[in-house]
Structures are given as C-alpha cells and as structure tokens.
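Each protein sequence line maps, in turn, to chains A and B.
All residue numbers for the first sequence refer to the working numbering, where the first residue is 2 and numbers rise by one.
All residue numbers for the second sequence refer to the working numbering, where the first residue is 177 and numbers rise by one.
Misleading hints may appear alongside valid ones.
Said to hold, decoys possible - Lysine-lysine pairs mimicking DSSO-like chemistry, simulated, CA-CA at most 30 angstroms apart:
id: 1; chain 1: A; residue 1: K4; chain 2: B; residue 2: K227
id: 2; chain 1: A; residue 1: K47; chain 2: B; residue 2: K226
id: 3; chain 1: A; residue 1: K67; chain 2: A; residue 2: K24
id: 4; chain 1: B; residue 1: K226; chain 2: A; residue 2: K76
id: 5; chain 1: A; residue 1: K42; chain 2: B; residue 2: K227
id: 6; chain 1: A; residue 1: K119; chain 2: A; residue 2: K67
The set of hints was computed from the structure by calculation and includes no laboratory data.
Listed here are the chains, written in short residue letters.
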Amino acid sequence: MTKTILAVDDSGSLRQMLSFSLKAAGYGVIEAVDGQDGLAKAKQQKVDLVLTDQNMPGMDGLSLIKALRAMQNYKTVPILMLTTESGDDMKAMGRAAGANGWLVKPFDPARLTEVVKKLIG
Amino acid sequence: MRPHESPAGELMNAQVVRLLSDVSVHGDQHLAEVERDLVQMDVLLDEAIKKLCASFMAIHQAVDRQQEALSGLLADGGSGSEQAARVAALRAEIAEHVGAAVTGLQFQDMTSQLIGRMVQHLAGLRDVFGALDANGAVLPESGNEALLAMLGDISDRVGARCSELAGSVRSTVNQRHMNSGDIELF
C-alpha cells in the first residue's frame, strides 16, 4: 500500500519539488500551503508522515506540530521540519514540540527519501 | 525676547516642517516603487522556477521511459548485458543530475523569503514616513522646547514601530554553504 506524506510549505515551487522527489520514490503526496491548511488536510485524511516548513503565514510549523501532537491519531506519526532555520534554539523548540527530525533547506532529493524511507519504509 | 520666539526661531521651525514634509513625500514615492518592484520580482522568479521545475520533471519522466524501453530491447537481444549495465549507470547519473537541479532550484525559495522580509521592512519605513508627515503638519510654530518635545514624540513612535516590525518580520536566511542542508533525526 502506498504511504502518504503531507508536505506543508507556503512556497509553491518548494511543494512542487517535494512532491516530485517523493512521488518519484513511490510515495503519495498531499500538499498544504500553510499550517492551517496542513492541519485541515491532516484531519481529513490520516497520513503516514508530515514534512513541514517553519516560517509560514498564519500558522507556522511549530504550531502545526503542537496541534497535530494534540490529536490522538497523530501522537506517533513521524513529523519532520524542513526549513532554512538551522539554529540550535529553533531545533530544540522543534524537538520539544514533537518533531522527529530537522532538515535544513535546500534538501537533496536522494537524502530526503533516504530519511523518509528510514522512518516509514 | 527669548531666542525660540525670535523670527529666526520661527524660520527654523518652518524649515523643519518643510524638511519633514519633503522627506515624507519623496521617501514614500521611492519606497512605493521599490516595494512594487520587489513584489513583481518575486512573482516573476516564482513563475520562472515553476516552469523550470515542470520542465525538469517532464524531461526526467521521458528519459526514464526511454531507458526502460532500451533496457527491454537489450534484454530481448540476449547478449546485451554490458549495454544494459551502461544504460543502468546512465539512468543513475541522470537521476543524480536531476536531484542536483532540484536542490539548486530551492535557492529561489530563499530569495523569496528575503524579498518578503525586504517588503515588510519597506512597508515599515513607509509607516515611519507617514508618522513624520502626520506629525510634521502639527509642529508648533514657535518654541524650541515644544519642538523638541514633538520630535521626541515622533522618535518614540518610530521606535515603537521598529519594535513592532522586529517582532513580526520573518527571521533572515543566513545561507552560506551552497550545497544541500544538514539532516538531524531526534
């Protein structure tokens, strides 16, 4: 069965590249334009992994993670941050919010799919 | 007669008013142009990269199908194991190039974030000029103390606006290395 990944980023081109890279590796991808949209789509359909940006208008990545972790069926779903932020403080905040990993942009498709495969197969 | 009530003092006040007004009008015009151009630049860059990205995907998919067909033909021939290995290596090489292109294309996302920050800062500056214009119109006609108090008030407003801006603007992009970023699993 195809595993589904929710890709949340306010940049259209970034979402396009994530979708391309993950679909090429055999995953299904749902795109969301910001945290609010991501949360709505996560409620509509359970996904196997969430990949989210941090800096987005409206609801940011950390708020999205907190909201997802508050939902019973997203307690253990892997969540990865994909962001230009690389400071230790931000990483610590991500970890505390419930993120499982921190990826600094720009991502390499092969390394990204390697990490995703490690987490959800 | 106190110095601030002299004709010279009144002249100074008039000059300050005119100066503030000129700064406001010209600054606002220039900033509006810069802001508009930056927004347009962002739209154009975004569009260009989307088109490039779509083209890369299409090329990748077409080449992929071609390689599969070639592999099938070679396998049917029975004696093409060396050719098949070469085709497989080529396929891996193309995938690597496409991956590198995808990494490279993401720099547009960073420029977009920077442009967004600049637009916010410019909008903030426009607010500052707006405050100067609004306060300049009601500057006291005489009295250095009153004038100083007014300028102090303007300065406080500008400072408060800067603080607001610092809290709402996105953090900057400090990208120095031009390869893909680090990955850390918790």
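_Next pair to validate is K226(B) with K76(A); report whether the Cα-Cα distance is within 30 angstroms._
Distance ~35 angstroms between K226(B) and K76(A) Cα, so the pair is violated.
*When you check the alpha-carbon spacing of K47(A) and K226(B), does it fall within 30 angstroms?*
holds, 28 angstroms
_Check the hint pairing K42(A) with K227(B) against an upper bound of 30 angstroms on the C-alpha distance._
Holds. K42(A) to K227(B) sits at ~26 angstroms (cutoff 30 angstroms).
*Holds or violated: K67(A) with K24(A), Cα cutoff 30 angstroms?*
holds, 27 angstroms
*Does K119(A) pair with K67(A) here, judged by a C-alpha cut-off of 30 angstroms?*
The given pair, whose Cα atoms are some 23 angstroms apart, holds under the 30 angstroms limit.
*Can the restraint linking K4(A) and K227(B) be considered satisfied, given a maximum Cα separation of 30 angstroms?*
Judged against 30 angstroms, a Cα distance of about 28 angstroms means the pair holds.
Figure legend: structure checked against the earlier numbered hints; the only hint not met is number 4.
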